[in-house]
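Enquirer: In order, the protein sequences belong to chains F and A.
According to full-length UniProt numbering, the first sequence is numbered sequentially starting from 1.
According to full-length UniProt numbering, the second sequence is numbered sequentially starting from 1.
No lab work stands behind these hints, which were simulated from the structure alone.
Be careful, since some hints might not be right.
Claimed, not checked - Derived lysine-lysine pairs resembling DSS-like cross-links, with alpha carbons at most 30 Å apart:
#, chain 1, residue 1, chain 2, residue 2
1, F, Lys67, A, Lys312
2, F, Lys12, F, Lys82
3, F, Lys124, A, Lys39
4, F, Lys67, A, Lys39
5, F, Lys164, A, Lys316
6, A, Lys91, A, Lys316
7, F, Lys213, F, Lys124
8, A, Lys39, A, Lys183
9, F, Lys14, F, Lys67
10, F, Lys164, F, Lys232
11, F, Lys82, A, Lys91
12, A, Lys316, A, Lys49
13, F, Lys28, A, Lys316
14, A, Lys39, A, Lys49
15, F, Lys12, A, Lys49
16, F, Lys213, F, Lys164
17, F, Lys232, F, Lys28
18, A, Lys316, F, Lys14
19, A, Lys312, F, Lys82
20, F, Lys82, A, Lys85
21, F, Lys164, F, Lys124
22, A, Lys312, A, Lys39
23, A, Lys183, F, Lys82
24, F, Lys164, F, Lys28
25, F, Lys82, F, Lys14
26, A, Lys183, F, Lys124
27, F, Lys82, F, Lys124
28, F, Lys14, A, Lys312
29, F, Lys164, F, Lys82
30, F, Lys28, F, Lys67
31, F, Lys12, A, Lys312
32, F, Lys28, F, Lys12
33, A, Lys316, F, Lys67
34, A, Lys49, F, Lys124
Unchecked claim - Computed footprint of chain F on chain A; a stretch qualifies when at least three of its residues, placed anywhere within it, have a C-beta under 8 Å from a C-beta of chain F:
#, stretch
35, 44-55
36, 135-148
37, 161-173
38, 230-237
39, 305-316
Don't be surprised by glycine CBs; every beta carbon is placed ideally from N, CA and C.
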Amino acid sequence: MIEVEGLSKRFKSKQALSNVAFTAEDGKVTGFLGPNGAGKSTTMRAMLGLIAPDDGRALIDGTPFVKLRAPMRAVGAVLDAKSAHRSRSARDHLLALAYTNGIPQRRVDEVIDMTGLTSAARTKAGRFSLGMSQRLSIAAALLGDPHNLVLDEPINGLDPEGVKWVRELCRYYAAQGRAVLLSSHLMSEVALTADNLVIIGQGRILETTTVGKFVAEHSTRSIRVVTPEPDKLHAIFANASQVQVVSDQRTPADPPIGEVFRITGADLVAAAHVFARAGLITYELVEERASLEEAYMALTHNQVEYQAKPAAEVTK
Amino acid sequence: MSVTTTNAEAASAAVNRSAGRRANRWNRRIRLSFLGSLKAELLKLRSLKSTWILLGLAAALMVGMAALSAWTITFMATVDITTGKTLDHPKPLAAVDLWAVLASSGSTAALVIGIFGVMAITSEYTTSAIQSSLTANPRRIMFYTSKSLAVALYALASGMVGVLLASGVLWLFVHGHDVAALKGDQWRIIPITVAGFPLIIMLIALLAVGLGALTRSTVGGVSIVVVLLMVLSSILAIVSMAVSQVSWLGTLAYLTPDMSMNNFLGASIRSDAVSSVTSQQNYWIPEWWQSGLILCAWVAVAWIGGLTVTAKADIK
Chain F
1 MIEVEGLSKR FKSKQALSNV AFTAEDGKVT GFLGPNGAGK STTMRAMLGL IAPDDGRALI
61 DGTPFVKLRA PMRAVGAVLD AKSAHRSRSA RDHLLALAYT NGIPQRRVDE VIDMTGLTSA
121 ARTKAGRFSL GMSQRLSIAA ALLGDPHNLV LDEPINGLDP EGVKWVRELC RYYAAQGRAV
181 LLSSHLMSEV ALTADNLVII GQGRILETTT VGKFVAEHST RSIRVVTPEP DKLHAIFANA
241 SQVQVVSDQR TPADPPIGEV FRITGADLVA AAHVFARAGL ITYELVEERA SLEEAYMALT
301 HNQVEYQAKP AAEVTK
Chain A
1 MSVTTTNAEA ASAAVNRSAG RRANRWNRRI RLSFLGSLKA ELLKLRSLKS TWILLGLAAA
61 LMVGMAALSA WTITFMATVD ITTGKTLDHP KPLAAVDLWA VLASSGSTAA LVIGIFGVMA
121 ITSEYTTSAI QSSLTANPRR IMFYTSKSLA VALYALASGM VGVLLASGVL WLFVHGHDVA
181 ALKGDQWRII PITVAGFPLI IMLIALLAVG LGALTRSTVG GVSIVVVLLM VLSSILAIVS
241 MAVSQVSWLG TLAYLTPDMS MNNFLGASIR SDAVSSVTSQ QNYWIPEWWQ SGLILCAWVA
301 VAWIGGLTVT AKADIK
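From just these sequences and the hints, can you work out the full model?
Expert: In structure tokens:
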């Protein structure tokens, strides 16, 4: 279990963390979500003693990381894809890490095998692709068969097979009663893997919830209708105050003719029946769910540190 | 309350038992230790090509310098300096000159050892390997001490090999010449050369580790090493010679690391084979043992400075 209690950290002019507190429970995958520069990496580094917080602390199974008897047994961490000396072979890199904690050589070969690096074990880490480096970092994290996993954007650079493997690894570790903290800036990724959610923006925790609750709260249903008779459509719902009918932008998936509307607050089956009775012509009638990504973007929109201008404005 | 705790403990023990028997066999032996950390640092240095190139270069420079000086001495012994004609019977060589040659053969090598020491620690920062090193071993003082010890051991070995090879080369040149024995207190040049020389090389390596840790940048660390081991003493000596009123700057020159090193290895014995400005000057010049202490002070300041930075620095 990882407990983060009131972490605050200021770097020169920037308040990187403000009173960050959450718990990554045993047996659960905790998704740590936030835009770039929100403080995910800083929080993880503070947990592992790489950054000294101005205030607050983090406990790993009840003990600060730097005081653990066997740090690699307690926490396996992937903080950066590139975390090995470029001129050192993958195996020597892992062996050196293993020596510090008295982990036997046999385990080094085991993790090399598990991460699919066997054929590259003697290759220098500097010649690895991003995906291979990521696998090497994961191999290092697994060396101590740790009780807690701390993974900072572990799927960056991985191929689809590698991504699936990391997901399964997280689920497997959690199923064994261990705590997994997984950071990402992609809601879709976290929603697939995590049980709990911690959302951070500009160094503050915005929401601590579970994936299930977040989905239930934020995925509103709506009906998408394309019709050549907009007046008739408005007339149908004129007296239903709970139903909202708004024009929507046409997407490539929509028919090229008719007008596009989004209807919220109405049931699909009931609406279909009403349309049939009223003789409304529809070219498209489909139920949509606002994606989790949209909900997450809405939540973090004001917290985004590095905001790009819309593409249209850039190309002007 | 205690019953619940016991039950919980029993349950977690059961989970642990099922977590894999093979893992459990070595789990208990896993722990962070200084010896493990030292073993890891030795492996880290051994597994880099740059280590072998720099240490090999250092030893080769010692041998090369000794060969060059030995050739000069033996050549000078065969010619009449006033007429420039070759003598029928070469003049006997002074043993003290030969020892002095041996002792002074390391000053160029010291620079290479300095670069080795700086890179041993700065490469951790420049390659981000520091992240994995400090998550495996978050006890930073232990990390820094074990790395320093590993660097010191390699430097010591390089110094010993260098002095051994250099004496072999010297013997080859001197073979067949008459050698005048050491007189009076000149005997002390033997232990100073045999034991002092490798120790000095080791101290220079530790000085460099400290400077590397202070700057955390290869360019910065190497620049300071070059300034301390080459530039500073020359500037001070030149200024003190040029401006007679500030000749005490000459004393300051003797306080620099490279002059301390050379003065210590010179054992305060006058030898014609090694250029020396010692006796004619009107400013204070430290004795050989005082120079040894001055060098130790330099090393202590740099190393402890490096320790402080390593213990406190945030790894972003």
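Enquirer: In ascending order, which of the hints set out earlier in this document are inconsistent with the structure?
Expert: When the structure is compared with the hints, numbers 6, 7, 8, 10, 11, 15, 17, 20, 23, 26, 32, 37 and 38 turn out to be violated.
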